[in-house]
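*Asks:* Required output: the full structure, derived from the provided sequences and hints.
So for the sequence shown, my numbering puts the first residue at 76; every next one is plus one.
Honestly, the hints are just simulated from the structure, not real lab data. Do not rely on the hints blindly, as some may be mistaken.
Here are the in silico distance ranges between beta carbons for each label pair [stated by the list, open to error]:
{"#": "1", "residue 1": "Thr259", "residue 2": "Glu197", "range": "31 to 37 angstroms"}
{"#": "2", "residue 1": "Glu194", "residue 2": "Ala276", "range": "34 to 40 angstroms"}
{"#": "3", "residue 1": "Glu194", "residue 2": "Ala270", "range": "31 to 37 angstroms"}
{"#": "4", "residue 1": "Val137", "residue 2": "Arg190", "range": "17 to 23 angstroms"}
{"#": "5", "residue 1": "Val136", "residue 2": "Pro191", "range": "14 to 20 angstroms"}
{"#": "6", "residue 1": "Arg169", "residue 2": "Arg258", "range": "20 to 26 angstroms"}
No experiment lies behind these values; they were computed from the predicted model shown. A virtual CB, placed ideally from N, CA and C, is assigned to each residue, including glycine.
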Amino acid sequence: MLGYGIGMMHERTRRSLRATLVGVAACAVVAGLTAAVGGTENELHTGAAGAVTGIRLDGTVVSPLASAAGVEANVLLFVMTDCPISNRYAPEVRRLHDEFAGAVRFWLVYVDAHRPRDELREHRASFGYPFAALRDVDGALAALAGATVTPEAVVFDAAQRLVYRGRIDDRYVSFGVARRAPRTRDLHDRLRRLAAGETLAVSQTRAVGGYIPGA
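*Replies:* Take a look at the structure:
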């Protein structure tokens, strides 16, 4: 009987471990601070940011953070084609692009870059993104930006300094739990201030979504 009881305990432990691993793999919510971060991180990204590249859907290699006349900020929006939260934010992202077009340059960054380019093109078109998309084949853009989930917005100013990383707004409280409407529009606030010529300290908010593989 003792051996049987121990065997049952081991089986329950194995089942519990399997359930935990499946839950972690299925979805995750990144924990972060909704607070300012020190200036050291800004300095780590200054200069080197412009040399990091991504691949457009037509195969062209580009440096999305390279300086451009009139551009006050670059936004890297990290997404996956099958991430429901990423897809639900498409209308808000389009509104932000329309409002800040010219002063702010947006880039859609696909972290599921293994998918066929035709599939990525179809996804971009179906959600109406009006700006260029990149494949982050080697994960260099996600590593530079410190992005860990999708969707996550990372903003660099005209001097290639990291000034914001995190959520688009606070609509999602946690994975699967959303407010009717956001209370704060974090990305909009940063872009408005950058477009007005302000110099921002780096800040971070908690992004909710699925983990970026390897992040």
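*Asks:* Work down the list of hints and note, for each, if the structure agrees.
*Replies:* These are the hints, each one checked on the structure:
{"no.": "1", "hint": "Thr259 to Glu197: 31 to 37 angstroms", "in the structure": "33 angstroms, holds"}
{"no.": "2", "hint": "Glu194 to Ala276: 34 to 40 angstroms", "in the structure": "39 angstroms, holds"}
{"no.": "3", "hint": "Glu194 to Ala270: 31 to 37 angstroms", "in the structure": "34 angstroms, holds"}
{"no.": "4", "hint": "Val137 to Arg190: 17 to 23 angstroms", "in the structure": "19 angstroms, holds"}
{"no.": "5", "hint": "Val136 to Pro191: 14 to 20 angstroms", "in the structure": "18 angstroms, holds"}
{"no.": "6", "hint": "Arg169 to Arg258: 20 to 26 angstroms", "in the structure": "21 angstroms, holds"}
Violated hints: none; the structure is consistent with every hint.
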